[in-house]
Structure formats: structure tokens, C-alpha cells
Amino acid sequence: MLSFWHNFVDTIFVLIASKGLSLQLSSHFFGDLLDSIIVDVASECHRIARLGLDRNLEEEEEEMRLSAQARLRVADPSNSSEANGKYIVDIFGQNHPSVASEIFECMNCGRSVMAGKFAPHLEKCMGKGRKARLKVTRSSTAAQNRNSRGSPASAYSPYSNSTSSNRLSNGTSSVAGEEYSNGAFEDP
Amino acid sequence: MRGSINRPPTPDAEDDQIQEKQLTFQEIIDIKLIESGEKERLKELLRERLIECGWRDEMKALCRAFAQKKGRDNVTLDDLVQLLTPKGRASVPDSVKAELLQRIRSFLASAAI
Numbered sequence: 001m002l003s004f005w006h007n008f009v010d011t012i013f014v015l016i017a018s019k020g021l022s023l024q025l026s027s028h029f030f031g032d033l034l035d036s037i038i039v040d041v042a043s044e045c046h047r048i049a050r051l052g053l054d055r056n057l058e059e060e061e062e063e064m065r066l067s068a069q070a071r072l073r074v075a076d077p078s079n080s081s082e083a084n085g086k087y088i089v090d091i092f093g094q095n096h097p098s099v100a101s102e103i104f105e106c107m108n109c110g111r112s113v114m115a116g117k118f119a120p121h122l123e124k125c126m127g128k129g130r131k132a133r134l135k136v137t138r139s140s141t142a143a144q145n146r147n148s149r150g151s152p153a154s155a156y157s158p159y160s161n162s163t164s165s166n167r168l169s170n171g172t173s174s175v176a177g178e179e180y181s182n183g184a185f186e187d188p
Numbered sequence: 001m002r003g004s005i006n007r008p009p010t011p012d013a014e015d016d017q018i019q020e021k022q023l024t025f026q027e028i029i030d031i032k033l034i035e036s037g038e039k040e041r042l043k044e045l046l047r048e049r050l051i052e053c054g055w056r057d058e059m060k061a062l063c064r065a066f067a068q069k070k071g072r073d074n075v076t077l078d079d080l081v082q083l084l085t086p087k088g089r090a091s092v093p094d095s096v097k098a099e100l101l102q103r104i105r106s107f108l109a110s111a112a113i
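First to last, the sequence lines map onto chains A and B. Mapping of the first sequence onto this note's numbering: residues 1 to 188, in sequence order. Mapping of the second sequence onto this note's numbering: residues 1 to 113, in sequence order.
Next comes chain B alone, as it looks inside the complex:
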């Protein structure tokens, strides 16, 4: 008998899918957002609003101040992300946030439920 005959059977593609982690509801929505192109549109909308209201300039100023203090060559991308995340999230104008939330909820209503 050849050794190769005794090797375990090749796993079925079907079996793989069943053993795979179930996608969460959130992940499913995410996929729908991306596939429909809405995620990209939402991101562009948010980016535009944040530029208009000066949020982006504020963030850039924070980064520049940080870089001057720490030394231009010592700054890592991680540093800046750590710096901007709390301040960035806190300083989004309410109107901008409301507009985006409304659009996302509309999408959820039309696509998900």
C-alpha cells in the first residue's frame, strides 16, 4: 500500500464555508455599503464637510505643532494618529455629524431592513 492512499481526504469546499465564522450583521451591512459604492460617497461627503468647516486645518495645525515639539524626524505616523483620534472625534461639528448619520440611516433603512 502506498502512503499517499492513507492521507486524509481533501476538505470539501462546502465544509469550509460551514466552519467559517458567521458574518455579523454589522459586517454584512459593511459589505453592502462597500459594494453599492455608498461607503465611498459617504466618505467623500464627510471629507468635504470637514474641509469646509476648518476641521482639517485644525488637525493639520495640531500635527505641525506636535512635529515641531517632538522634532520633525522623530514623528511617527502612529504618533499622529494617536494625537488626532481623540481630538478629531471630539471636534466634528454637530451639524456635520447629524448629516452623515442621517444619510447612513437612510441607507440602512433601504438596504438592510
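In isolation and in its complexed conformation, chain A is listed as follows:
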């Protein structure tokens, strides 16, 4: 009976000891694995530091911070939107006037134009579009004469321009009507 009891107690001890042993061992091996990973991370960071690769990281972080700021500014309802005010705030926080104000030279007629008014200017300048006035230059003349329904004989004479276009602008039957009285380039 006693030996049975001894065996029983011994078994319990062994179980407790082995559980303790198991815990201790597993902690040890966990520490081993963790140390190994720590060395890996340290090694990588050491390399980055010595090669100066974190310089790029700093720039990237700065960019991300700026874009996050800008995003906040855009999402903020108190900012003036396109519908409300004259100025639009874009994601970089810059203001844009609704009409582009840069001034440059038109490559067709040589006049100074404002960027925001360039499209309508070109319409008049190149002779397309409603009620655009005629511009008497060599290039527009050649274009008109190319497209006009007049006689080929007058094609290269600068002075025939007014007669041929006058003919057209007086409402002669031209397929496209008024729009094309100024010698448009394209057919509809």
C-alpha cells in the first residue's frame, strides 16, 4: 500500500517537475529566438545608419507629413471651395485664382495674352468660331484660301483674300453656314 502511495507521489512530483521544466525550457528557447531576432534588427539598423539610408527615410516621412496636413486642409469644410470663393485650395495648400493670370505672347499673331483668356483669343486669332473677326496675315490668308470655295487662280494672291471672303460672308450658300464664312479649317 505504501509503495503504491510512494509511486503516486513520485509521479505527481515528476509531473510538477516536468511542467516546471517545460516552462523553464520554453522560456529559455523563446529568449533565444527573440535574441536572434533582436540581433537581426540591430544589424539591419546598423547598416542603414552607416550607409546613410535613413536620410531618404527622413525625406519620405516629411513628404507624408506634408501630404497628411494638406489632406486635412482639404477635408476641412471651413476652407473656401470652388463654388464659394474665387480661390481654390489644392492638396498642397496653394491658392489658385480662377483665371490663370500668366501673360505670354500668342504664337499666331504675336500679341500679349493672358493664359486664362488664351483659348477664346485663339478662336478669334485663328479664324474659327462665331463672330470672330478676320485677321489679315499671310498665314490666315493662306489657310482661308486653301479652304475657300473660290477659284484656284486667286489662291496665292494676298489681295484676293478680301474679295473671296467677302463673297462668302455675304451669305452665299456654303454648306456650313455662317460659321464657315471665315474660312474654317475643318468640315463639320
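Just so you know, not all the hints are guaranteed correct.
Stated by the list, open to error - In silico lysine-lysine, BS3-like type, Cα no more than 25 Å apart, as pairs: (1) Lys32(B) with Lys19(A); (2) Lys70(B) with Lys87(B); (3) Lys43(B) with Lys32(B); (4) Lys70(B) with Lys60(B); (5) Lys70(B) with Lys43(B); (6) Lys128(A) with Lys117(A); (7) Lys97(B) with Lys43(B); (8) Lys19(A) with Lys97(B); (9) Lys87(B) with Lys32(B); (10) Lys32(B) with Lys60(B); (11) Lys19(A) with Lys43(B); (12) Lys19(A) with Lys87(B).
If you are wondering where the hints come from, they were derived from the structure by calculation, not from laboratory data. Every value quoted in this text rests on a predicted model; they were computed, and no experiment measured them.
Dock chain B against chain A, hints included.
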């Protein structure tokens, strides 16, 4: 008599093994872990969990801060290991540690005892 005859006998391979230090229980388990490939798998698992929870990024930030303070060219690998070991060990999330410990204990149960 030639001098070479008197030289001591070549030690036996068997004798070497007996004189060798006995492997500890721990070392035996370690060998089993490595040979079965489980150690590598455990390391990968731990690495993955530590990345997921942001631990690795924290460690990298610590290193970067240290390098900026000490000067990039003055940093040694030893510095960084010394820096990361206490903080690294302390900041592992409990769930990650528990998961790894459980897996290790399962291995011990199946392989060792």
C-alpha cells in the same frame, strides 16, 4: 631505438567521446529543435508576429534616434544590440509570447519527454 617509437599512443576516438563534456538536457533539446527544422519555423513565426504588431518598427525607430544622437558613423552593432535587448524583451506583446511558448511546449512534449 628510434625516437618515434617512444611517442605516446594516438588517442582513441572512443576515448575522446568519453572525455567530452556531457551535453546538457537543454543542448539536446536544442539540437532536436534545429534538426527537425522547428527552430527555423518558430523563428519565422515570431518574426512575423513581431512585424504585425509594430514591434519591429518601434525597434527601428529606437535605433534611428540613437544613431542621430550619437552620430551615424559612431554607432556600433554592439551599441544597438545593447540598446534593443532590454527594451525589445520588455515590449513583446503578451499574446505573441504566449503563442510562441505554447508552440515550444508542444514541441517539447512531442519530442523530448
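How the hints compare with the structure:
no., hint, in the structure
1, Lys32(B) with Lys19(A), "holds, 19 Å"
2, Lys70(B) with Lys87(B), "holds, 18 Å"
3, Lys43(B) with Lys32(B), "holds, 15 Å"
4, Lys70(B) with Lys60(B), "holds, 15 Å"
5, Lys70(B) with Lys43(B), "violated, 31 Å"
6, Lys128(A) with Lys117(A), "holds, 16 Å"
7, Lys97(B) with Lys43(B), "holds, 12 Å"
8, Lys19(A) with Lys97(B), "holds, 18 Å"
9, Lys87(B) with Lys32(B), "violated, 30 Å"
10, Lys32(B) with Lys60(B), "violated, 33 Å"
11, Lys19(A) with Lys43(B), "holds, 23 Å"
12, Lys19(A) with Lys87(B), "violated, 29 Å"
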